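> Chains as they are written, first to last, in the UniProt record's numbering: chain A, 1 to 391; chain B, 1 to 391; chain C, 1 to 391.
Some clues are possibly wrong.
Derived, one-sided and incomplete: chain A residues facing chain B with beta-carbon distance under 7 Å [claimed, not checked]: (1) 5; (2) 237; (3) 259; (4) 261; (5) 282; (6) 286; (7) 290; (8) 292; (9) 318; (10) 319; (11) 323; (12) 332; (13) 361; (14) 363; (15) 364.
To be clear, the hints were calculated from the coordinates, so they are not data collected in a lab. Remember, predicted model here, so these are calculated numbers, not experimental data. Each residue gets a CB set at the ideal place from its N, CA and C atoms; glycine is no exception.
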Amino acid sequence: MGAPWEGPARDLLAELGTIALIDHHVHGAFRASPSEAAYGNALNEADTDPLPPGVDPFDSQVGFAIRRWCAPVLGLEPHATPDAYRARRAELGEAEVNRRFLTAAGVSDWLVDTGHRADDLLTPAQLATASGGRAHEVVRLEALAEQLVSADTPPQRYAAAFRSLLAERVRGAVAVKSVIAYRAGFDVDLTRPSDAVVARHAAAWARDAARAGSVRLTDPRLIAFGIHEAIELGLPLQLHVGLGDRDMDLRRSDPLLLTDFLRQPAVRRVPVLLLHCYPFERQAGYLAQAFRNVYLDVGLSVNFVGARSASLVARSLELAPFDKVLYSSDACGPADLHLLGARLWRRAIARVVGGFVAEGDWSAPDASRVVRMVARDNALRAYPRLSRSSG
Amino acid sequence: MGAPWEGPARDLLAELGTIALIDHHVHGAFRASPSEAAYGNALNEADTDPLPPGVDPFDSQVGFAIRRWCAPVLGLEPHATPDAYRARRAELGEAEVNRRFLTAAGVSDWLVDTGHRADDLLTPAQLATASGGRAHEVVRLEALAEQLVSADTPPQRYAAAFRSLLAERVRGAVAVKSVIAYRAGFDVDLTRPSDAVVARHAAAWARDAARAGSVRLTDPRLIAFGIHEAIELGLPLQLHVGLGDRDMDLRRSDPLLLTDFLRQPAVRRVPVLLLHCYPFERQAGYLAQAFRNVYLDVGLSVNFVGARSASLVARSLELAPFDKVLYSSDACGPADLHLLGARLWRRAIARVVGGFVAEGDWSAPDASRVVRMVARDNALRAYPRLSRSSG
Amino acid sequence: MGAPWEGPARDLLAELGTIALIDHHVHGAFRASPSEAAYGNALNEADTDPLPPGVDPFDSQVGFAIRRWCAPVLGLEPHATPDAYRARRAELGEAEVNRRFLTAAGVSDWLVDTGHRADDLLTPAQLATASGGRAHEVVRLEALAEQLVSADTPPQRYAAAFRSLLAERVRGAVAVKSVIAYRAGFDVDLTRPSDAVVARHAAAWARDAARAGSVRLTDPRLIAFGIHEAIELGLPLQLHVGLGDRDMDLRRSDPLLLTDFLRQPAVRRVPVLLLHCYPFERQAGYLAQAFRNVYLDVGLSVNFVGARSASLVARSLELAPFDKVLYSSDACGPADLHLLGARLWRRAIARVVGGFVAEGDWSAPDASRVVRMVARDNALRAYPRLSRSSG
Chain A
1 MGAPWEGPAR DLLAELGTIA LIDHHVHGAF RASPSEAAYG NALNEADTDP LPPGVDPFDS
61 QVGFAIRRWC APVLGLEPHA TPDAYRARRA ELGEAEVNRR FLTAAGVSDW LVDTGHRADD
121 LLTPAQLATA SGGRAHEVVR LEALAEQLVS ADTPPQRYAA AFRSLLAERV RGAVAVKSVI
181 AYRAGFDVDL TRPSDAVVAR HAAAWARDAA RAGSVRLTDP RLIAFGIHEA IELGLPLQLH
241 VGLGDRDMDL RRSDPLLLTD FLRQPAVRRV PVLLLHCYPF ERQAGYLAQA FRNVYLDVGL
301 SVNFVGARSA SLVARSLELA PFDKVLYSSD ACGPADLHLL GARLWRRAIA RVVGGFVAEG
361 DWSAPDASRV VRMVARDNAL RAYPRLSRSS G
Chain B
1 MGAPWEGPAR DLLAELGTIA LIDHHVHGAF RASPSEAAYG NALNEADTDP LPPGVDPFDS
61 QVGFAIRRWC APVLGLEPHA TPDAYRARRA ELGEAEVNRR FLTAAGVSDW LVDTGHRADD
121 LLTPAQLATA SGGRAHEVVR LEALAEQLVS ADTPPQRYAA AFRSLLAERV RGAVAVKSVI
181 AYRAGFDVDL TRPSDAVVAR HAAAWARDAA RAGSVRLTDP RLIAFGIHEA IELGLPLQLH
241 VGLGDRDMDL RRSDPLLLTD FLRQPAVRRV PVLLLHCYPF ERQAGYLAQA FRNVYLDVGL
301 SVNFVGARSA SLVARSLELA PFDKVLYSSD ACGPADLHLL GARLWRRAIA RVVGGFVAEG
361 DWSAPDASRV VRMVARDNAL RAYPRLSRSS G
Chain C
1 MGAPWEGPAR DLLAELGTIA LIDHHVHGAF RASPSEAAYG NALNEADTDP LPPGVDPFDS
61 QVGFAIRRWC APVLGLEPHA TPDAYRARRA ELGEAEVNRR FLTAAGVSDW LVDTGHRADD
121 LLTPAQLATA SGGRAHEVVR LEALAEQLVS ADTPPQRYAA AFRSLLAERV RGAVAVKSVI
181 AYRAGFDVDL TRPSDAVVAR HAAAWARDAA RAGSVRLTDP RLIAFGIHEA IELGLPLQLH
241 VGLGDRDMDL RRSDPLLLTD FLRQPAVRRV PVLLLHCYPF ERQAGYLAQA FRNVYLDVGL
301 SVNFVGARSA SLVARSLELA PFDKVLYSSD ACGPADLHLL GARLWRRAIA RVVGGFVAEG
361 DWSAPDASRV VRMVARDNAL RAYPRLSRSS G
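Produce the complete structure using the sequences and hints provided.
In structure tokens:
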């Protein structure tokens, strides 16, 4: 596992190898082998332009991390060349690639956002089978709304129809998720709109969607409506925060913009999980300290910063109480990323927390306990339905 | 002192043990033993909700740091359990707890903000006695204003009454402090209001206070008035920046929002001390570089990030000239925190600056000199009255 | 070279000693020996007030770094005192000081911004001669505009006159630069104004300039005009980002405020180079990932954070693909800074990337390749004219 580690970091890494993770925010793996372009794009959350000649998508932290940590799972040497890696991946085929990476990740439970690119990705059930673990659904609220407008739901019935669809869809789910960060930013009115307001906005949306030929929901009042409906059902709420693609305005996803939202009494009653957070992880940690129901992870970001992931994980362990930090990969598409998130995170937290022990700041038993909390216990507390179904 | 340190960091830590610190921003210690809830709340600046079952307030960086560094001062093993720690604390009683921690802190001078929870805390004189050091008062401007409105000062006399009370209260004080970050944020009009404007705002405040049954000052014009009155007296101005409780909007405490305020000619004439600063310590360092009269510390934050404090102290030593960085604990309540701030800071700066020496970037004598500047010399320069009284 | 380094970091540092850098953003060196005050001011980007008694401008990270890394080039011991350093500098004279530092920097190509303090500084040709390298001009857009208003260009002819002057001035240049961050901030309308709008704004500016007796351009519409004219010519666009002097509002130079600008189709067609970036280097890295044509450096900042520069360089290697990060010193005035940027950057990247290799995250050949990309190859790709002239 790389250079020889010594002392507490090495011991913690060994212990982490025996702990099955709960990946509390993830997407499916590819059903079929991606094109070279599709694979390359999966290595860059933000930029989907074609690359200029001579530039390789592997020339980034995530690309180097894949060559280092994923190549051996495919039977290649660490640091295999991009060409060798792509060839080996194609040779094995996606089913075998998935099987290898998903089982090697050491994850017992996947909490799967099913509202994004569902046609290309394994369903939760398929992910469970391929990995030998359990999978649980997370319902993406904007996808439900878009389903309604696609079905020409009359605007005056939109609110009722959303409630009914939500109730049905969350029956087997463990949480909901909103991507309002992408669609509108957090600096919008996040109070609960009345049904009359919802009807008016739904009508405007239907008109715009017909005109534009796209149902993509960006209206903050309708997104806020969905969020408040889900909160009323008592479901944990996942929120995309920070790092995302070029469509988003990163400044508007600073989680401190959620402060007023988090102060709303209704919101205080459900777990709110801030996902990714980079480069606002310190701000997220402040919120996790200030609000009893707020949690955070640094998923997605861990993969994208690769060799710099220990520094990121360290920042996630500053203000946030230790029961408020969770593990996720946010992998989406190549199962390489499902494995990589787990591999990098285990190394990063072992390095960071092992460093605390080596410095004499933490005791070794405390370090083991915190690592286990972040690896799985905190997720069991934050997602009550998970705890029942994983019991 | 934890793991064996070597070389320059160890030498600096030994030297720091012989340097009495000036804690330039602190509150009193508890007069009496706190309830378990009150003690737990002191470990979380932001969140005062009751904790759910199974969650311990010691499960955070500050809690781990207390168990590590404070337990031995109470005669316990390092990393004592929370239960053992609480029991031992209660057994010794607050007077003995205070005596032990306050003397062990190695602080010669405490600059005490007396405007917050004064009934529960030792006075400066009592703090001096318990610690064997000197204590100096810092007057909290909002507390003076609230005293006036509580006494039903007629609005048209508010400005004059404030001036008179301020002149009297600062007679024996070394500085003033404003918590405008909590009450209004920095993105408000911070120019000097006329007395007529003050009278109008004072009248509105008196009406609101009567209606609400609370005199909490949040009007930015009245706070700006107090700040400008204090500046006119030539007193150093402490400003709470960054990290605070849930009442505040952390975004609005970004010190860069003070740029226009700091450009005002009147403001340039007094030292302005930016307190805590997390997570905006780099922004504060920029201001300390850009404005000759601006200083910063990372007090409070050092305690709250615990094992991560070396990283924080390192960030405070980037842009800011070395004569512009000060030490504080911002401890308030448990004297554990008065000791912890000093212990963590000494270790952090020894580790950071010792690292510069070990890398060959700094000379050992320069390192000693900078450490001494931050430990005490800079405070003597920033607070002229302190220098006279500590002479 | 300081403390003994081991393993991959040492090997990379040795290798870096053989790689000639391209300093893609720099100014000229002093023509004549600066006064002590002028030299001191060059050590503080932000604050040009006189220093109080007992405060030395060398008491900062950049000052310590000069004493450590520049003193030996002048024949002094490392960590020479400020007085000895100043005396030795004066004794040698600026021509010899320049020769020593500029040749020791190991830079093959300097991309020189000629629009700032040109009277005090060497021209590109003189810099080339003194260093034994090549120099290339970068045209500062605001300086062209100010030249026009100084020459009483009629407002209705301003647009045409700017176009004509720009076309002439960029003939031998490799790029243009805008300091809109200083002059207006990024939170302004950065779309292309029509010539009629330009004429109106030029008229207002001429009136204001006559009244104020200063031609300093701050009108964001006129600055945007200049930027779009340059983009039309296909020239790479350098933008000052982050850290600057006290005239600027640092908050308004957050590069995320450029997101809408970067989305404009015309802007996508030229390389956009984000300079300095501190403390927004993570935000800049996000943009470099999100936009194929966006690059970043941490020049200027590396010098100012001195012993903390490895941490800064590490942050520049997170999200940004490795072909998007460049080296610069942004030195301006004392040639000490031309050398220091190169020295600190070589050490920092060797330390950081060497650390990735030592941890087992990167292979040694990959590390060498990335270091060479940042040192020079990426600049050759970003500046097509440079590549031709340096062929």
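> Are the hints correct? Go through all of them and say.
Against the structure, the hints come out as follows:
With 7 Å as the threshold, the beta carbon of residue 5 of chain A stays out of range of chain B, its nearest partner Cβ sitting at about 16 Å, so the hint is violated. The criterion of a C-beta within 7 Å of any C-beta in chain B is not met by residue 237 of chain A, whose closest approach is roughly 18 Å, and the hint is violated. Here the hint on residue 259 of chain A is kept, as its CB sits about 5 Å from the closest CB of chain B, short of 7 Å. For the restraint placing residue 261 of chain A at the interface with chain B, the shortest Cβ-Cβ distance is roughly 12 Å, beyond the 7 Å limit, so the hint is violated.
Hint status for residue 282 of chain A relative to chain B: holds, with the closest Cβ pair at about 4 Å, below 7 Å. Given the 7 Å rule on beta carbons, the hint for residue 286 of chain A holds: about 6 Å separates it from the nearest Cβ of chain B. About 3 Å separates the beta-carbon of residue 290 of chain A from the nearest beta-carbon of chain B, less than 7 Å, and the hint is met. Nearest Cβ of chain B to the Cβ of residue 292 of chain A: about 5 Å, under the 7 Å cut. The hint holds.
Taken as an interface hint, residue 318 of chain A checks out: its beta carbon lies about 5 Å from the nearest beta carbon of chain B, inside 7 Å. Because the closest C-beta pair between residue 319 of chain A and chain B is about 6 Å apart, less than 7 Å, the hint holds. Annotation: residue 323 of chain A was flagged as interfacial toward chain B, and the flag holds, the nearest CB pair being 5 Å apart, inside 7 Å. Taking 7 Å as the C-beta cut-off, the interface hint given for residue 332 of chain A is violated, the closest approach to chain B being about 29 Å.
For the restraint placing residue 361 of chain A at the interface with chain B, the shortest Cβ-Cβ distance is roughly 4 Å, inside the 7 Å limit, so the hint holds. Of the supplied interface hints, the one on residue 363 of chain A holds, with its beta-carbon coming within about 4 Å of a beta-carbon of chain B, less than 7 Å. Below 7 Å, beta-carbon pairs count as interface contacts, and residue 364 of chain A has none with chain B, the closest being about 9 Å; its hint is therefore violated.
The structure shown violates the earlier hints numbered 1, 2, 4, 12 and 15.
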